[in-house]
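**Student:** The whole structure should be built from the sequences, with the hints applied where relevant.
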Amino acid sequence: MKRALIILIVIIFSNCFNKGDEVKNSKYEILFLKGEIKIPNNYKLISLDDYEKIILEKYTDTLFLKSKRLAINAIKENFSEYAFFYDEKDFENTLIIYPSPNQNVNKYVKDDLINFMTELMKFQNSNNNFSYESVENKMIGSKIIKVKGRLVNSEFSENNIYSTQYIFEGNGKVFMAYVMHKNRTIDFEKEITEIKYD
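In short: position in the sequence shown from 1, add 505, done, that's my numbering.
Hints are computed from structural coordinates only; laboratory data are not their basis.
Label-pair ranges, simulated between beta-carbon atoms:
#1 Lys563 to Gly677: 35 to 41 Å
#2 Arg689 to Glu660: 17 to 23 Å
#3 Pro604 to Asp555: 17 to 23 Å
Remember, it's a predicted structure, so these values are computed and weren't measured experimentally. Even glycine gets a Cβ: it sits at the ideal position worked out from N, Cα and C.
**Tutor:** If you want it as structure tokens, here you go:
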């Protein structure tokens, strides 16, 4: 009886600790994706125009401000539909999902797409004094390709930024997701792989 009581107490306390550790998520419907994504509550859906206002208020360093604004303008010029999320705890941590031109995603094109995405990141970031180092490249299942790297600025080498790109297929269409985060372990792989489609 005493042993059963001890086991019961251990289970209750472990459940309490586990509940405290759980990350609370919000659901967002992404219309052009015809799907729903769950992401942590501290991430908020925002327009790129509103995000640009935030960075104009918060950035004092013109180098970082310039690179962010260039990226924002490139997205606005090329994509009319997108879902952009930023971290309220740290506005530099972002996730964007947008449609991609028709491109099959499968094991046969995996290596070519990984090489293309990696070289593109190296080229684009070299223009902004960032070097790009590959961290992880892989195929998840049969419809998601993940390309992850570390961006290091030549003037601020202590500030690492991790970028993760996904190209994935859902509802017969191809989409891209792009994550920027200061924490190497946060790249939304779970969230991207668990998108629910209509």
